[in-house]
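2 protein chains.
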Amino acid sequence: MANTPLDKRSAAPADRIAAQLAFLTEACKLKSVLRATTLCDGSRRENSGEHSWHIALYALVLGDQAQADVNIDRVIRMLLIHDLVEIDAGDMPVHGTHDAAAQAQIEQIAARRIFGLLPPDQAQDFRALWDEFEAAETPDAIFAKSIDRVQPVIANLETGGGTWPAYGVTAAQLETRVGAKVARGAPALWSALKHRIDAWFAARASSLE
Amino acid sequence: MANTPLDKRSAAPADRIAAQLAFLTEACKLKSVLRATTLCDGSRRENSGEHSWHIALYALVLGDQAQADVNIDRVIRMLLIHDLVEIDAGDMPVHGTHDAAAQAQIEQIAARRIFGLLPPDQAQDFRALWDEFEAAETPDAIFAKSIDRVQPVIANLETGGGTWPAYGVTAAQLETRVGAKVARGAPALWSALKHRIDAWFAARASSLE
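Taken in order, these protein sequences are the chains called U and L.
Just so we're aligned: the first sequence equals residues 1 to 209 in UniProt numbering.
Just so we're aligned: the second sequence equals residues 1 to 209 in UniProt numbering.
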């Protein structure tokens with residue numbers, strides 16, 4: 001992907017750099033895509049650019065929670081590009097109601113346009129990496145998806161439940177929509193969080209009685 | 001760094017995960033540290049969290065502009081953690097006036113506290129990587145510094161000069177403070193930008209005549 005062999009690069013170096021910079025300037029727009037989740041201090045909603053940084057850091061720190069066959073550097077590369085399609089397609093909250101098939105189609109068109117700004121060899125490599133992430137079948141993609149799901153849970157726990165009450169999320173929904181995916185890639189991590197999640201729902205239940 | 005061998009890990013896995021998550025929650029504060037530079041559309045000032053994502057992506061895309069002995073994955077790891085000290089020390093604009101030695105001391109104390117939240121083996125590894133970045137002597141660190149310097153230049157070019165007029169930056173200052181560092185790690189990249197920078201200063205000079 002990086003350090004592309006010379007023979008795979010386009011002929012004119014100046015054109016290549018121009019295409020790379022055009023892609024990077026377009027990517028800047030991800031900082032203006034807002035997510036449902038807030039910062040850990042609850043001060044404002046998080047954007048998808050800073051979210052992408054945070055979960056790449058999650059992967060670096062929590063890499064020892066992954067299975068032995070996971071390549072953390074590939075996971076980080078995936079996480080750096082995983083949300084770029086949101087520049088065109090927007091962010092869909094995991095607990096929101098939306099047409100998943102229609103959204104997937106919009107994201108496919110977005111991927112073609114955005115990765116298509118890169119020089120052809122890189123466009124192909126980045127697209128393949130994003131497709132691998134989306135398919136969530138390889139060990140690297142499974143771990144990347146775990147990390148992507150776990151960060152909002154922690155943001156919500158840090159802000160007294162965060163967006164869970166607004167979306168009417170139940171412990172059972174959290175287990176199905178989030179827990180199963182986190183546990184698939186990082187079981188010990190989900191166990192550690194499960195204690196905190198159960199405590200939050202138990203406290204909320206008694207406060208509502 | 002990630003995938004730490006078992007014998008280097010602390011005894012209790014739950015304590016280890018708790019320390020890792022405490023570090024990651026603390027890291028969230030980097031999203032509230034504002035930089036002098038704006039987003040590429042000029043709509044607001046950029047924060048150091050989203051900046052860290054953007055330059056990690058820069059490294060991934062522009063990796064083929066690096067010397068052959070540069071390991072892009074190590075560069076990306078460096079860039080993901082390079083600004084964490086700003087949580088305590090704040091961001092110092094490259095064109096601002098501040099006491100560099102005093103700032104360096106504050107950053108040393110910040111590094112001890114923030115990386116010290118991690119399990120001991122990771123605290124040591126992350127600190128060593130940050131020290132390497134700061135020293136800017138190895139090929140990986142030299143390229144990482146180039147990338148860190150080049151992104152604000154592009155943000156300024158995209159926003160009609162951005163913060164250059166406010167800081168009274170001249171073409172000569174840009175060449176000394178930024179150009180020399182970018183060219184050290186990525187000469188072709190600086191050449192490509194030099195054309196656009198010269199055009200901007202030439203246009204500004206005629207508009208002020």
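I should point out that these hints are in silico values taken from the structure, not numbers from a laboratory.
Note that the structure is predicted; figures quoted are calculated from it, not measured.
A virtual CB, placed ideally from N, CA and C, is assigned to each residue, including glycine.
Heads up, some of the hints might be wrong.
Claimed, not checked - Restricting the straight-line Cα-Cα distance to at most 35 Å, the calculated cross-link-like pairs of lysine-lysine (DSBU-like) are:
#	chain 1	residue 1	chain 2	residue 2
1	U	K181	U	K29
2	L	K29	U	K194
3	L	K181	U	K194
4	L	K29	U	K181
5	L	K194	L	K181
6	L	K181	U	K29
7	L	K29	L	K181
8	U	K29	L	K29
What the hints assert, rightly or not - What follows is a set of in silico ranges between Cβ atoms, one per label pair, in the way DEER data are often shown:
#	chain 1	residue 1	chain 2	residue 2	range
9	U	Q105	L	A135	24 to 30 Å
10	L	R204	U	G168	52 to 58 Å
11	L	F201	U	T176	36 to 42 Å
12	L	S32	U	H98	40 to 46 Å
13	U	F201	L	P187	39 to 45 Å
14	U	D15	L	E137	29 to 35 Å
15	L	K194	U	P187	34 to 40 Å
16	U	A104	L	P187	38 to 44 Å
17	L	E26	U	D198	44 to 50 Å
18	U	Q105	L	T176	35 to 41 Å
19	U	T176	L	A180	29 to 35 Å
These are the hints, each one checked on the structure:
| no. | hint | result |
| --- | --- | --- |
| 1 | U/K181 <-> U/K29 | holds (28 Å) |
| 2 | L/K29 <-> U/K194 | holds (24 Å) |
| 3 | L/K181 <-> U/K194 | violated (47 Å) |
| 4 | L/K29 <-> U/K181 | holds (27 Å) |
| 5 | L/K194 <-> L/K181 | holds (13 Å) |
| 6 | L/K181 <-> U/K29 | holds (27 Å) |
| 7 | L/K29 <-> L/K181 | holds (28 Å) |
| 8 | U/K29 <-> L/K29 | holds (21 Å) |
| 9 | U/Q105 <-> L/A135: 24 to 30 Å | violated (49 Å) |
| 10 | L/R204 <-> U/G168: 52 to 58 Å | holds (55 Å) |
| 11 | L/F201 <-> U/T176: 36 to 42 Å | violated (58 Å) |
| 12 | L/S32 <-> U/H98: 40 to 46 Å | violated (30 Å) |
| 13 | U/F201 <-> L/P187: 39 to 45 Å | violated (57 Å) |
| 14 | U/D15 <-> L/E137: 29 to 35 Å | holds (33 Å) |
| 15 | L/K194 <-> U/P187: 34 to 40 Å | violated (52 Å) |
| 16 | U/A104 <-> L/P187: 38 to 44 Å | holds (42 Å) |
| 17 | L/E26 <-> U/D198: 44 to 50 Å | violated (24 Å) |
| 18 | U/Q105 <-> L/T176: 35 to 41 Å | violated (51 Å) |
| 19 | U/T176 <-> L/A180: 29 to 35 Å | violated (55 Å) |
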